[in-house]
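A.B. asks: Take these sequences, add in the hints, and give me the full structure.
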Amino acid sequence: MGLTADLRWGNLCVEINNIENDGITALFGPSGIGKTSLLRIIAGLDRGQQGTLVKYDESVWQSDDVFVPPHLRGIGYVFQDARLLPHLTVIENIEFAWKRRFGDNGPSPDKACELLQIGQLQQRSVQSLSGGEQQRVAIARSLASAPRLLLMDEPLAALDATARDHILSLLESLHREIHIPVIYVSHQLEEVVRLADHVLLLDHNGEQTHGPIENLSTDPTLPLAQLQGSASILSGTVCEHDEFHLSQVLVGKSTRLWASGRRLDIGQAVRLRIPVSAVSIATTAPEHSSILNVLPVQVELIHPLDDARALVRLTTSDTALLAAITQRSIYELGLEPGQHVYAQIKGVALLTDYGDSP
Amino acid sequence: MNPDLTAIILTLKLATITTVILILVGTPLAWWLAHSQHRLRSVAEAFIALPLVLPPTVIGFYLLIVFAPSSLPGQWWQGLTGTQLAFSFSALVIGSVIYSLPFAVQPLKNTFAQLPHNLLEAAATMGCNRWDRIRNIIFPLSKRGFITAATLGFAHTVGEFGIVLMIGGNIPGETQVLSIALYDKVETLDYSGAHWLAAGLVIFSLIVLSALYASQRNTREGSLWG
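For the protein sequence lines, the chains are A and L, in the order given. Counting in our numbering, the first sequence runs from 77 upward without gaps. Counting in our numbering, the second sequence runs from 234 upward without gaps.
Since the hints were derived computationally from the structure, they do not count as laboratory data. Some clues are possibly wrong.
[To be verified] If the Cβ cut is set under 7 Å, some of the chain A residues that face chain L in the computed set are:
hint : residue
1    : L121
2    : F143
3    : H147
4    : R159
5    : R176
6    : S221
[Unchecked claim] Here are the computed lysine to any residue pairs in the SDA-like style, where the Cα-Cα straight-line distance is at most 20 Å:
hint : chain 1 : residue 1 : chain 2 : residue 2
7    : L       : K246      : L       : N235
8    : A       : K175      : L       : F372
9    : L       : K376      : A       : S201
[What the hints assert, rightly or not] To list a few chain L residues with every Cβ distance to chain A over 10 Å, as calculated:
hint : residue
10   : I242
11   : V253
12   : S275
13   : L283
14   : L287
15   : T290
16   : V299
17   : C361
18   : L374
19   : D417
20   : R450
Note that beta-carbon positions come from the ideal geometry of N, C-alpha and C, so glycine has one too.
C.D. replies: This is the structure we're talking about:
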């Protein structure tokens, strides 16, 4: 169930089918395409055009003859600007939301402060906070109101790099703590890669693609894979540690990769980020190499990006990943779909401790 | 009772009642002026501002005609209450409300116009219905506007003269307010009595205005909203 919507705004007509009940769905697309407007229609802050339909579980929020005002929808909304109430302190802002909470499964105000690391700011006036602090209070406030659906509209867009990185890490850990569906609007690839479980990809032509991040990030034909810094996202579980601070992650039944990053418990579900530019292809098994991760793979698809470069989709029996290589390499190696080759992966990042530990 | 004391009490009573009515009438009016796109808005605004530019005697003159027992409103009032409207305390209240209306509406209108709409949106997403938003966001954020409106309305009512003279006359305990009592004393060459009242009014006005400006400087909450 979850959210089902047919959103009409300007030239945009976006269908959302059953946004999953848990996890983060990123609404990703170039800026100026109207992502914020879509989110505002879901929230009921704007109405959208004739024919707009928004349903959540059994309740119709908007149709041609129904319009449920925002305060009755049970949503949480984190805006680009924090929008804290200036006449209240930090803790009073959070309590304001908590007193009006929509359910009983949300965190208490103190717990919300703890999750966002703002415990020491509780008595401060909100005007004295930095931008990053204000946005943390705004996120804590939205959690305290225990919404059925949390909408986040580029919550990090107005912040400097340090504050953005801090909140991004906090959001990654929150992922485990909160069990409400989140729609996260962004045009920043990094946020999507680090946070999203599912992606709803929009492009300028009104094309849309919806799917798990593992699938979308390894599809060379989609813009998600063609950006500066694009990476394949794989999910797996930690299966081994070595004495050199690396963790081995099992993806599927038999694909094993060494990854660097935080040391997590064996059995912990994690996700791996493999930049498309960090994967190279060899036709014979490389020996005496510094590269630890060498996977026997099959070339599935070669997608030219331009005259010089191409993305190659490589598959194992368990998973897929992309390699960005030059057209010249493809010519010299004679690569073609179906061929068995070796993927050499330099630099695998262990991304999140996401999902539930068993 | 000392006639001066009677005049002071009557003035305070008039100003208090007028202020309460000003806030009750002025709040929705100011909200409408701040947010409406209606084409009659500028006309309404002009009417409210009339007392700022017209001599009080002009307004007093028209009110006197309206309040006269022979006029329709005068007759209606007589039928409703059994008393005459002209030269009554009620006439003073109505006149004062009209006369001081711009002083209450203007600060409220400015405050409401500057209320950040985005906070109301945020409140709606936290489950605040319309009344909850008015009570817990609009009112607290408009506090300074209300204080200014009430203070100016009150002080301006205490200071009015022309309208009172025209529609209230000079009935002790009923319509003889301070400014009229002062005028009376000067007319009868009671200069020492006049000094007391005049100096008293100057000091009162100074205290009220100083308190108002001080509160504006110190109100942290309101500092963003005008």
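A.B. asks: Take the hints in turn and mark each one as holding or not.
C.D. replies: Tested hints:
A hinted interface residue such as A:L121 counts as satisfied when its beta carbon comes closer than 7 Å to some beta carbon of chain L; here the least separation is about 6 Å, so the hint holds. A distance limit of 7 Å between C-beta atoms decides the matter here; for A:F143 the minimum to chain L is near 13 Å, and the interface restraint is violated. The restraint placing A:H147 at the interface with chain L holds, with a minimum CB-CB distance near 5 Å, inside the 7 Å limit. Interface restraint check for A:R159: the shortest CB-CB distance to chain L comes to about 4 Å, inside 7 Å, so the restraint holds.
Using the Cβ-Cβ criterion of 7 Å, the hint placing A:R176 at the interface with chain L is satisfied: the shortest such distance is roughly 4 Å. Hint status for A:S221: holds, given a least beta-carbon distance of 5 Å to chain L, under 7 Å. For the proposed pair L:K246 and L:N235, the alpha carbon gap of about 17 Å is at most 20 Å, so the pair holds. With a C-alpha separation of about 19 Å, the suggested pairing of A:K175 with L:F372 holds against the 20 Å cut-off.
At most 20 Å may separate the alpha-carbon atoms for a hinted pair to count; L:K376 and A:S201 meet this at roughly 17 Å. For L:I242, the requirement that its beta carbon stay farther than 10 Å from each beta carbon of chain A is met, with the minimum near 37 Å. Once the 10 Å rule is applied to beta carbons, L:V253 is consistent with being away from chain A; the minimum gap is 24 Å. No Cβ of chain A approaches the Cβ of L:S275 within 10 Å, the least distance being about 29 Å, so the stated non-interface status holds.
Residue placement check: L:L283 keeps its beta carbon more than 10 Å from all beta carbons of chain A (closest about 35 Å). Residue placement check: L:L287 keeps its beta carbon more than 10 Å from all beta carbons of chain A (closest about 38 Å). With a least beta-carbon separation of about 44 Å from chain A, L:T290 lies farther than 10 Å from that chain, consistent with its non-interface assignment. With 10 Å as the threshold on Cβ separation, the claim that L:V299 sits away from chain A holds: the shortest Cβ distance comes to roughly 43 Å.
Distance check on L:C361: its Cβ comes as close as 6 Å (rounded) to a Cβ of chain A, failing to clear the 10 Å threshold; non-interface status is violated. Distance check on L:L374: its Cβ comes as close as 6 Å (rounded) to a Cβ of chain A, failing to clear the 10 Å threshold; non-interface status is violated. Every beta carbon of chain A lies more than 10 Å from that of L:D417, the smallest distance being close to 47 Å; the non-interface claim holds. With a least beta-carbon separation of about 16 Å from chain A, L:R450 lies farther than 10 Å from that chain, consistent with its non-interface assignment.
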